[in-house]
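Trainee: Sequence:
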Amino acid sequence: MDLGLSQKVALVTGASAGIGYTVAQKLAVEGCHLVICGRNSDRLEQAYQSLVDSSTKIISICADAQNAGDSQKLVQEVITQFGKIDILVNNSEGATFSLEPIENIYDADWENVFERKLMGYIRMTNLVLPTMKSQQWGRIINIIGTSGKEPSSRLVKSGVANAALMNFTKTVATQVAKWNVLVTGVNPGLIDTPRHREYLEVFAEQEGKSVDEIIAGSNKMIPLGRRGLSSEVANLVAFLASECASYITGVTIPVDGGLSTSAF
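Per this note's numbering, the sequence shown runs over residues 1 to 264.
These are calculated hints, taken from the structure and not from any lab test.
Be aware that a few hints might be false.
Stated by the list, open to error - Straight-line alpha carbon distances no greater than 20 Å define the calculated EDC-like cross-link-like pairs of lysine to aspartate or glutamate that follow:
| id | residue 1 | residue 2 |
| --- | --- | --- |
| 1 | 133 | 42 |
| 2 | 209 | 232 |
| 3 | 220 | 201 |
| 4 | 73 | 45 |
| 5 | 57 | 45 |
Please model the complete structure; the sequences and the hints are all you need to start from.
Mentor: Here it is, written out as structure tokens:
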């Protein structure tokens, strides 16, 4: 299926590894010109070198999309290089995996996760909207997470931020629909990424079990019986960015093997 993304300009944050990198890879295959950003310069360079052989134009910018100054410079550089922004994929890691009780989560902890993810997505959205409105076309896709809908005691901070992002996605979509700017969310479940492996190692240590035992136990909760792949998230993102999804906005779609459905 031709998604009609050739020559579209896509900005993907957190694209140096994991889901963000795979999304960038998929959009490049579909013909998008790309701007990828990340905080780790070495990993970002590796990601860039693996993508640069595609036939589309790709640039990398080392920046923290959760930092207000970096965000402004990032968006301005995209406009300078390409003259427009068609697609924004907001992608950021969530809060640190932990088991602290709610009374031990202090104001600074909440402020940190809200600044890292929630406010980062909000700032990036606000920065790209003027361009998207003026061209009467845009796609904003927020990579959120299932903990915003299915609370987890081990992800309480990111769960609260994710719930806010789901609300933000729906609200912004309503406000900007008349300019043909579509705003959607994607809720990855248990996806096999390096970041997820780090969570598993912490969890396994806390539980006194092996990582394989943790995986086997949690897979039993997933109707499809396995972890998801980054490519399965990226395929949905590419679809939502395309004209094939021209009548979809204001929704957040789970990619979790049926995990959220089985929770009810």
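Trainee: Going back to the hint list, which numbers does this structure go against?
Mentor: 1, 2
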